[in-house]
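Engineer: Sequence:
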Amino acid sequence: MSAADGHPVPDQFGVNRYREDRWLRELLGVYLPADLLTHLAPRLDRLGELAGGHLDALAGEADRNPPTLAPRTRTGLDAQRIAKHPAYREMERLAFGEFALAAISHRDDVLGWQGQMPPTVKYALTFLFVQAEFGLCCPVSMTDSLARTLKKFGARELVDRFLPRLTSLDPDALYQGAMFMTEQGAGSDVGATETTARPDPDAPGAWLLEGEKWFCSNADASLAMVLARPEGAPPGLKGVSLFLLPRHLDDGSLNRYRIVRLKDKLGTRSMASGEIRLEGARAWLIGEPQRGFVQMADMVNNSRLSNGVRAAGLMRRAASEALHVARHRAAFGRRLIDLPLMRRQLLKIILPGEQARSMMFQTAAVLARSDGGDRDAYRLARILTPLIKFRACRDARRVTGDAMEVRGGCGYIEEWADPRLVRDAHLGSIWEGTSNIVALDVNRAIRREDALDALEAHWASLLQEAAPTDELRALFDQAMPRASALARAAADGAEHLTRRSASALYHVTTAAAMAWEAARIGTPERARLAQLVLTHRVLPADPLAVSAADDGAAAEAAILDHA
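Quick note on this note's numbering: the sequence shown kicks off at 1 and runs consecutively.
Since the hints were made in silico from the structure, they are not lab data. Certain hints may be false.
[Said to hold, decoys possible] Ranges of calculated distance between the beta carbons of each label pair, as one might list FRET restraints: (1) Asp108 x Arg81: 34 to 42 Å; (2) Ala558 x Asp108: 22 to 30 Å; (3) Asp477 x Asp108: 16 to 24 Å; (4) Thr434 x Ala83: 25 to 33 Å; (5) Asp108 x Asn65: 35 to 43 Å.
[What the hints assert, rightly or not] Okay, derived cross-link-like pairs now, BS3-like style, lysine-lysine, Cα gap no bigger than 25 Å in a straight line: (6) Lys238 x Lys152; (7) Lys265 x Lys84; (8) Lys263 x Lys84; (9) Lys151 x Lys238.
Cβ coordinates follow ideal geometry from the N, Cα and C atoms, glycine included.
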């Protein structure tokens, strides 16, 4: 029977995901100024309530009723309309409008706050939102990232024309963004792009695009960034340029490209991904010609961080559900959470999620300094971003699966959120670069930006402030040089070590961050998490050893209680 309400099938629906998450509240107190957190608290509380109830119900409805493509109107016009369920439209209103998730980084008048808010606010809100709905967070991220890239590289005329629509809080006025990069023969290999561009004879300064894009999420977005090769440009990456593609032309007519079909996806079913055929579509060059990959990389990196944040949110939702079931379901006369094997399983679910959460907050804080012109912060952000994308997104696949198992047979039933979490978690390690590609980008950051030096300095700074116990300090003293040596070897040509080195850097970084957070919060649980990361995910251990020493049961019980 359920220990809470007498029912044998525990159901967490209706919980406030902000109030039930003690660590989130404590960490926001560490990473945000007190006056800003006080101002945001009612909005965080409202989103937490929505994510645990109404928004979660909308997400389930939209997942069961995916978008459909209507190529023509009933009178035969090529309208190319994607029909979306009302539940998805309501989620759009909440994400883009009420919580301004795509506009926070570009406006200084949202959520009732006067002034520019740090990236931490956007990612904290996204962390809550994604615990209910994953698919829509892609259009939100694309819109935010497109606006960032447009501001950074676009001509003033284009910025003035489109930025107000990209950052509008009015769903009817909003221009959503997308990124059309992938082709059948050019996924991660952007240099193989075959889409061509030629000057538009009817519109000075405009270009006409021809070709096909194979995987286009948010397929009917008002604006998309597109990679194409101008006629006469050299082969490979050096010949690729970046273009801004509008869905509609100035006269209101559809631009000359077609949505050929929508993808039938494993996850993110609520959001439309499709194939695009460009048939002389009008577009505008962004930034310098033949530097499209460099400029698109800025948009991709911003999206990669969003992928890591979403993975952290999915893992928190999975852990919360598993903890609820374990606390409120009994078997063999005992609560599940009192069973030793279940306690260890829950710790294995909690630990990767807390690592991702700390990495999310750390990267957001560094990004704010980097955008302010701090060169050292840029180098640090350059390596933290692929690290969170690589490791957190892979961890989310396992964590959501293990949490499904805690719920048992009900976890395999579509009435519950577990199947959706599992399906959605698998996309994180594919979008914006597969695991191999992103791990190789860590090597590139080390070689080109000396990012490992910046990361090592960051470790030292965190640990100096954390003042860990002698036992924990000794673990760091073992782990840090080993991780650094492995990373340097991988970057210097031992490519087969790349994934292992990226994982090691991620684990040491998150352990240092959690030790630092423990000192700031004033409780030992996150320091214990840091110790578990180092002992179980970094340093060598004998898996067959039997230890007669205390297994840390009291400390682990405190972690479960805190979580």
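Engineer: Evaluate each hint against the coordinates.
Structural biologist: Structure-based check of each hint:
Distance hint check: the CB atoms of Asp108 and Arg81 are about 35 Å apart, consistent with the given range 34 to 42 Å. Range check, Ala558 to Asp108: Cβ separation about 41 Å, and the 22 to 30 Å hint is violated. Here the CB-CB span from Asp477 to Asp108 is close to 44 Å, at odds with the stated 16 to 24 Å. Taking the beta carbon of each, Thr434 and Ala83 are about 31 Å apart, inside 25 to 33 Å as hinted.
Evaluation of the 35 to 43 Å hint for Asp108 and Asn65 yields a pass: the beta carbon distance comes to about 37 Å. At roughly 20 Å between alpha-carbon atoms, Lys238 and Lys152 fall within 25 Å of each other, so this suggested pair holds. With a CA separation close to 16 Å, the supplied pair Lys265 and Lys84 stays within the 25 Å bound. Restraint check for Lys263 and Lys84: the C-alpha separation of about 14 Å stays at or below 25 Å, so the hint holds.
Between Lys151 and Lys238, the direct Cα distance comes to roughly 23 Å. Compliance with the 25 Å bound is thereby established for this hinted pair.
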